[in-house]
Amino acid sequence: MDAYIAILAALGFGVLLSGGFMALSWFVSFMQGQNQPDPIKYTTYECGIPPKVNARQRYTVGFYLIALTFLIFDVETALLYPWANSFHKLARELGAPILWTMLVFTALLVVALIYMWKEGVLDWARRARTQGK
Amino acid sequence: MHSTSLIALIPLFPLLGVLVNGVSVWRRKELPRKTVGRIAAGSVFLSALTATYLFVRLAQLPDDGKFHQVVFSWIVAGRDADLFSIPFAFTFDRLSAVMALTVCWVGFLIHVYSIGYMAEDPSVGRYFTYLNLFMFAMLLLVLGSNLIVLFIGWEGVGLCSYLLIGFWFEDNEKASAGKKAFIVNRIGDFGFLLGMFFLTWGMAQVGGMSLEYDKLQEAILKLKEMAVTLPGFGTFPLLEIVGVCMFIGATGKSAQIPLYIWLPDAMAGPTPVSALIHAATMVTAGVYMVARMGFLYSLAPFASTVVALVGGLTALFAATIGIAQNDIKKVLAYSTVSQLGYMFMGVGVGAYSAGIFHLVTHAFFKACLFLGSGAVIMACHHEQDIRRMGALWTGRWSEKKMKWTGLTFILATLCIAGLPPFSGFVSKDEILWMAFSTPNSVYPTVHKFIWGLGVAGAFCTAFYMTRLTVLTFGGEYRGGEHSHDFHHALPHEKVHEVPKVMWVPLVILMVGFVSLGFLGKSRIFSGDNAFHHWLAPVVDAGSHEKALLEGPAGALLPAAGEAAAAEDPGHGAVAVHEPAEAPAKEEGGEAEHKLEMMLMGLSVAVAALGVLLGYLVYGVRKVRPPMPSEEKSVGPAHKALLNKYWVDEIYQALIVNPIRVASESLLWKIFDVKVVDGTVNGVARTAKEVSAEGLKLQNGIVTSYAFYMVLGVAVVLGYLILG
Amino acid sequence: MEGFLLKPIAPHLIVIAAGCLVLLMRAYGKKTSAGASGAVTLASLVLALAASVFLHGDAAKSAFSGMVVDDNFSLLVTVLVLFSGILCVMLSFDYLKRIGIAQAEFYSLVLFAVSGMMFLGSASDLVTVFLGVEIMSISIYVLVGFNRGRMESTEAALKYLILGAFASGFLLYGIAMIYGATGTTNIAQVAEFFKTHGPSQISPLFMVGLALLVIGFGFKIGAAPFHMWVPDVYQGAPTSITAFMATGVKAAGVAVVVRVLMFAFPESMDRWVPLIQLLAMVTMTVGNIAALTQKNLKRMLAYSSIAHAGYILVGLAAVYSQGFAEKAVSAVFFYLLAYTVMNIGAFAIMILLGRDSDEYENIDDYKGLAQRRPWAAFFLALFLLSLAGIPPTAGFAGKFYVFTAAMRAGFVALVIIGVLNSALSAYYYLRPLIIMYMSDPDADIVENTERRPALIVAIGVTAVLTLELGMGLLAYLAGGGSYYEMISGYLARVM
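Chains as they are written, first to last, in the working numbering: chain X, 1 to 133; chain Y, 134 to 856; chain S, 857 to 1351.
These are computed hints drawn from the structure, not numbers from a lab. In this text, all values refer to a predicted model and were calculated from it rather than measured experimentally. There's no promise every hint is true.
[Said to hold, decoys possible] Each computed DSSO-like pair below joins lysine-lysine, with the alpha-carbon atoms no more than 30 angstroms apart:
#1 S:Lys-1223 with Y:Lys-829
#2 Y:Lys-821 with S:Lys-1223
#3 S:Lys-1051 with S:Lys-917
#4 Y:Lys-162 with Y:Lys-348
Use the sequences and the hints to build the structure in full.
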């Protein structure tokens, strides 16, 4: 059971820390500011521009697709960079496979890209046109 | 042991007949009536030919030769030392050969006869299908090489018996007779099953899980050492238990006390069926089984005594009932029960070949009698009451109404009555002599008593058979009278002989039962019993083992040694083992021979007396049995016989009614409805309610699903960390 | 690094390449019919099956620095999931057209899901396990919601996605814990760690990790209490995908549980076997009891799938029997195979009868089916009897092996509960039979009567196998060679 005390302690520390920050900020604002509510203060903060509509509205799926695409290629970069960085060392140890396994990986992404392209995911203008109609 | 693939053909032919006729009945495309009969009879004929061919080949083999055929491996369970394997296998040794020949040839004749007898019946296709199915089952029974195959046949003939007794099922009484036969048989079969279970258990203990006859015989000495403890009853030798249990099965199938009651009722079926099933073949299954398991029974003296005693009692008991019956078929039915009793008497005292010999001769003369009775019934336009018959065989040859039927019937009567030189005399006398001369090792004097029963039964048999024959064929014709007992009359002129297809089989059967007697010729005439020699290697195999076993202690049972020596001179194992005593036995044999002659004279005298008395009473004095209206005023003894000792009524009152009442009020209305149904329905209802309630958790909301998962997580974590 | 590096994953690559090909076919040939993609899919799956069998050598080969391994265990899993995939595709051909979702993407997703399952089978590292789970799951999430026009389908996909992500979190966290406790994620090295350091090293950290892994896998195979998603998702998904999930996903999930628990944590068996036993009891009981009152055949089969997961867990617990672990695992594999054929068979009959967009899932629709479609009724009866575990079917043989294994391990109570459950299950399996055979048909029910060869072939194959596997039990009892012994012969070399 003793070993669990460490885990419990870590958990307690986490709770204390997060709770502490909350308590601290709340305490500081309580000490510093005055409570003078008015309607403007209760509106949603949108970079200083007053919101026009309710936040829960539907976006075109294109946004998500773009976001996903970005994410995939972002991760690819994250993988490619360390790979490229240590390429010589890896190649010495593992030989040619280290090159073409990465080629397979990129090929898979290329296939995905082609598919997206052909499906019109990247064709923002057309999407906008069809949406507009 | 020789293997052959021909044995399977013997039961296969009738099975093909079943398929052809059965399919045509089932598809409602009835074949022409003649074709149906020819297919059925032809298939049995082919079986008979095959059996005969194998028989000839078997005769060329050495004494203990046999054919064996494994058709397929049927039941296999366990492995290695625990292997329990039942092959679907046939064996054709000397015993099965005798049985197969009898069954096939008698069966064939009865099939031929049926073509004539059933010529007018609308469901002739169904009839021959059942008849062939019966042949198939019976041949499985006699040819199987293990108890399980025998048991299929055993149950199969029971089924066919049920189907055929209730063949005219529109008549409620006939349908009930079929049910009665089936249920009584099933009671016996339960005993048989128990016997097999005990035997299997015993075989498992000695390390050879098998029910093959060969294997059983090999292990029999080991099995003899085993005992079974029945809680509450005590400990008994295994073989005795098995012997008694299997004999219970035999009492059901072969109509012995106390389970004989179905056979007289079985006469509800068509007469050829009575001849085939209830006289010649199926009912002999029990005798065959005991002979087949002879190696077991000869090591189970108590069980053997039970067999012999029950056989003797049945022989007398049924014979007395036969005296007062007025239905021609009922008389024959009781005579069958009685004759089966003789067979059991024979196998019970260890004279297996004598028992089987009587089985064979009986098959012929009883088939002849039954078929003859069928002919008479047909000739008299479905009249079965002997009080309404008479004068069917009187006058000069050309004036006789039923020339051939009458002749064969009368000869068969003399045969069953036990008059020389007919085979019935030879075989019955053999049994009586063996019963008299084989001392019982369990109860010292019981064998004399059994013999006495047999002799008394023989007298009754001679008497009632004469009565039957004289009333039917002699005297004056009584069917033309109107009375308040019988409303319809049949003029004497309308009585006529049956067609050739029916009386020719009768003549052939007659030739059979006349000539068979010379086959098993008593050793008094020639000193050589061909039938006994033929069967000895198979059925007396156990006796050798018994002799080996009891050899050192032979002094305890000197008479047994004598019997064996007398029964089989120069072949007896005891004589070989104790040469010093041999001369004494020679002398004993001399004295015994005289005794045997005397007893034979006695039994001939008894039979002759019975016949004479019957002829005097019914032929000369012309005593007529009481009419239905007079039956109330007969004396008490006659009344008891007329009512068959009220055995059916006693069973009804003591067994059937209590069971029915208990089943209805207790088992059905309380136990079944309230307890069983209540529990089952209650459990089912509870489960459904739990299901319905539990499913409320399945509310379709993802968050609550996630919540249950978290609960599960808590349980799993808690279990792994704390547990 | 001996031999051809990619050889151990060649079948996987075939499947993935086919998935890409189908996508490209879709991208470049808009007019290419979905049927052509289906044919390519089927061909590639068969090819992969052949490759997995023929490229397989007796010696275990690992690749990618011990991330994947090609051994007899992985071969069995691969064959099983490919078989399931092939049947699923055969079920889909006409079904997709009928309900109007015949698109090539469907097949490529099936292929990717299959590849994920195959990776689960040949994973020899916890990271590969996680990758496999995700490849499989993400494809399945989409497939479940593939029938976008149908609200239940979308709802099912959403539920599965949310709860699946939740479960994946547990799984990943568990892997992290194991890594923390042992310093490695390689399955062989984890086992080695405990072997060298002894049971004293079974730390709380490790136990928590083990618990989280069991939770994650338990979700994937639909074990109670992580089963809540199963009925909703199975019911909402397109029927062929339901069949695929119930068989392929479950097989892969069970395989990976065996792989991880048996290969990585044999030393802590004392701890996790009782847990598996508990899960088995709860899962069987919950599945069967809930199925009792179902009026929808598809949903009933979903609950029955939970119950069957319970029986499989019984076999899994039976690895506890010393020296007979491979027998228990063989029983599990046999059960999975049997369940695959009989379950897919039952779903195939549903697909066979459904007309237009009607799923034909209401039990009352089957009234008097025996009169209208005697063969369909007969086969459905066969599959249901097999699911109920009635001899001589595969279901009975499977239960026989599983329960025998559990008896060998000494888990009498578990077996009794299993058998009682089996008896309980007869109620809901036999009810459709009664409805099919003993009631008169409603006049307004009309089934599909088109000719669909692929579907018929699938039904035929599953029916024959249902009987054949069941008959194999006779061979086993008689001491001859049976499928079960074949499987345990394979496994004996790796366990």
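Quick rundown of the hints versus the structure:
1. S:Lys-1223 with Y:Lys-829: 28 angstroms, holds
2. Y:Lys-821 with S:Lys-1223: 22 angstroms, holds
3. S:Lys-1051 with S:Lys-917: 22 angstroms, holds
4. Y:Lys-162 with Y:Lys-348: 47 angstroms, violated
Hint check: a violation occurs at hint 4 only; the rest are consistent with the structure.
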